[in-house]
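Chemist: Chain by chain, the residues:
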Amino acid sequence: MSDLNKLTLSAARDGLRAKEFTSAELTEACLGEIEAAGALNAFVHNTPDIARTQAKAADAKLASGDAPAMCGLPIGIKDLFATKGVPTQAASAILEGFKPEYESTITAKLFDAGAVMLGKLNMDEFAMGSSNETSTYGNAINPWKRTGDATDITPGGSSGGSSAAVAADLCLAATGTDTGGSIRQPAAFTGIVGIKPTYGRCSRWGVVAFASSLDQAGPMTKSVRDAAIMLEAMCGHDMKDSTSADLPVPNFEAMLTGDIKGKKIGIPKEYRLDGIPDEISKLWDEGAAMLRDAGAEIVDISLPHTKYALPTYYVIAPAEASSNLARYDGVRYGHRAKLSAGEGIDDMYEKTRAEGFGKEVQRRVMVGTYVLSAGFYDAYYNKARKVRTLIKKDFEDVFAQGVDAILTPATPSPAFGLGEVSDSDPIQMYLNDVFTVTVNLAGLPGISVPAGLSSNGLPLGLQLIGKPWEEGDLLNIAHSLEDAAGFVSKPEKWW
Amino acid sequence: MSIDIDTARRVAKLARIRVEEDALPALADEFNAVLGFIEQLSEVDVDGVEPMTSVTPQRLKRRKDGVTDGNMQEKILSNAPDAREGFFAVPKVVE
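Line by line, the protein sequences give chains A and B. Per the working numbering, residue 77 is the first one in the first sequence, and the count goes up by one each step. Per the working numbering, residue 26 is the first one in the second sequence, and the count goes up by one each step.
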């Protein structure tokens with residue numbers, strides 16, 4: 077059987093169990109594709125030896141008939157996850173050479189579920205970015221191109237290596253993380269599915285911290301069914317993360333009934349922004365119509381504090397980042413600057429951090445330092461935490477009115493060309509997350525589903541936002557939307 | 026609120042990031058752009074609103090206060106840029 081790498085998780089799982097092929101064959105197919113896809117710069121640390129060992133073990137389990145949920149399925153891991161003995165840099169020069177002595181809870185759970193790791197994936201440095209252009213590894217490239225235009229396109233960010241790799245069929249699925257939209261925006265930019273679960277669903281232990289009150293891991297996959305399968309393998313309580321929820325994890329795949337009759341889907345009027353391209357508004361309307369045709373009730377809702385979400389985020393996230401990134405001091409791991417005679421420990425800290433952190437990370441650490449500094453803490457940080465309470469309350473009010481999920485565009489534009497959003501204007505880049513960031517601030521689950529193509533031939537996504545801990549219901553609604561949208565386009569291979 | 030060069034220098038120092046003198050004006054401009062964007066928050070009436078401490082209301086789990094790991098000095102030092110005789114080595118701190 078050819079093109080095994082193009083399979084979904086569910087199809088590959090079924091094929092493995094039916095003995096149509098082995099995990100070793102499936103894994104080789106992916107390794108071959110990765111080898112040939114250097115131009116995408118998606119995989120940045122390949123782990124073929126680990127992959128082959130894991131595939132062999134998986135085949136033995138499959139043969140014994142005792143195979144766990146993801147047995148033998150080859151995936152990519154975002155560089156933000158600590159993987160034992162394998163470089164883990166968060167795409168930063170400051171973690172050059174760092175090889176963790178431990179495994180993150182999420183990757184450990186995936187390996188326990190039988191998954192095969194092909195390698196580590198490119199991303200924005202410390203997950204700070206929306207285009208994968210802040211990575212120390214260089215840009216990841218979107219497998220999609222604009223119609224008749226050879227310009228390299230961003231795969232989104234921060235999980236840009238993950239989105240590019242899944243869209244280009246280098247792996248069956250990948251892990252991502254999402255602090256303000258870093259799973260959902262790259263998924264939308266590459267025509268794949270990405271879900272950020274409720275805050276607390278996935279353990280953050282061993283995930284390099286950016287903004288701890290916002291960070292969540294999630295799967296990036298080729299279908300909603302795959303998202304359900306992989307999310308279940310990633311979720312669960314972990315004593316090593318005090319914010320991890322001690323709640324049962326449902327069988328998400330079994331909840332994909334296709335029946336959404338009577339579900340109430342909210343359309344928030346505040347998301348109709350000025351300057352959003354007509355094709356995005358049109359896609360949004362079409363998505364609502366599809367859900368209505370599937371039996372859902374579409375209702376207009378209001379989330380009045382939406383416009384304050386991005387400014388709130390750009391206080392809270394940098395504040396937490398400045399605190400989390402204080403650990404990179406050149407003492408315990410990673411890069412240490414060379415010192416001249418007479419230079420002391422403060423010089424070591426300052427030079428190490430100036431050399432090791434990229435421009436955007438430095439900017440955010442310093443903004444965070446400023447908003448937390450004496451005299452400004454109340455005006456900025458506490459104010460933002462209060463507005464965050466109001467943003468969350470907007471959602472609580474809507475859910476209290478009986479709304480089951482909220483439909484919005486995933487991004488305010490299709491993917492842009494690399495270098496087209498200027499580095500000198502950070503705000504313009506931040507606007508990419510305008511539809512996704514509210515979800516992190518409110519701790520809710522959100523999923524991006526590919527729904528159509530832009531006029532210039534690039535994928536567009538729609539976002540569904542669910543109630544806390546109701547990922548199963550959310551996935552089921554997303555499954556209906558996926559069915560109705562019938563997005564089957566793939567990028568034409570040029571790499 | 027406008028950030029001048031002195032404030033930019035002070036913030037860089039607090040963040041322990043070396044910024045050369047000639048890069049400070051551009052840094053101050055960038056801060057001002059970001060803070061100008063954040064400034065919108067002043068429009069919001071937050072009277073009587075509690076600042077969020079936890080996005081999912083839950084009591085943090087407790088466990089018995091006991092030793093759960095240890096004896097891994099080598100592992101802890103394995104990634105250090107400079108480790109000597111079982112310690113992290115740094116430039117001289119005390120004269």
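Think of the hints as simulated: they come from the structure by calculation, not from any bench. Remember, it's a predicted structure, so these values are computed and weren't measured experimentally. Be aware that one or more of the hints could be misleading.
Stated by the list, open to error - Below, a sample of chain A positions facing chain B; criterion: calculated Cβ distance under 8 Å:
(1) Phe174
(2) Tyr275
(3) Ser357
(4) Tyr390
(5) Arg403
(6) Gly406
(7) Val407
(8) Tyr409
(9) Lys414
(10) Leu415
(11) Tyr446
(12) Lys459
(13) Arg461
(14) Leu466
(15) Val564
No residue lacks a Cβ here, since even glycine has one placed at the ideal position from N, Cα and C.
Chemist: With reference to the structure, classify each hint as holding or not holding.
Modeler: We went through each hint and held it up to the structure:
1. Phe174: holds, 5 Å
2. Tyr275: Since chain B brings a Cβ to about 5 Å from A:Tyr275, closer than 8 Å, the hint holds.
3. Ser357: violated, 24 Å
4. Tyr390: Nearest chain B Cβ about 6 Å off; hint holds.
5. Arg403: Hint on A:Arg403: violated, closest Cβ of chain B at ~12 Å, above 8 Å.
6. Gly406: holds, 6 Å
7. Val407: holds, 5 Å
8. Tyr409: holds, 4 Å
9. Lys414: Violated - the Cβ of A:Lys414 stays beyond 8 Å from chain B, reaching only about 10 Å at its closest.
10. Leu415: Holds. Min distance 6 Å.
11. Tyr446: holds, 5 Å
12. Lys459: Hint holds; A:Lys459 Cβ to chain B Cβ min 5 Å, cut 8 Å.
13. Arg461: holds, 3 Å
14. Leu466: holds, 6 Å
15. Val564: Since the shortest Cβ distance to chain B is 37 Å, the answer is violated.
Violated hints, listed in ascending order, are 3, 5, 9 and 15; each of the other numbered hints is respected by the structure.
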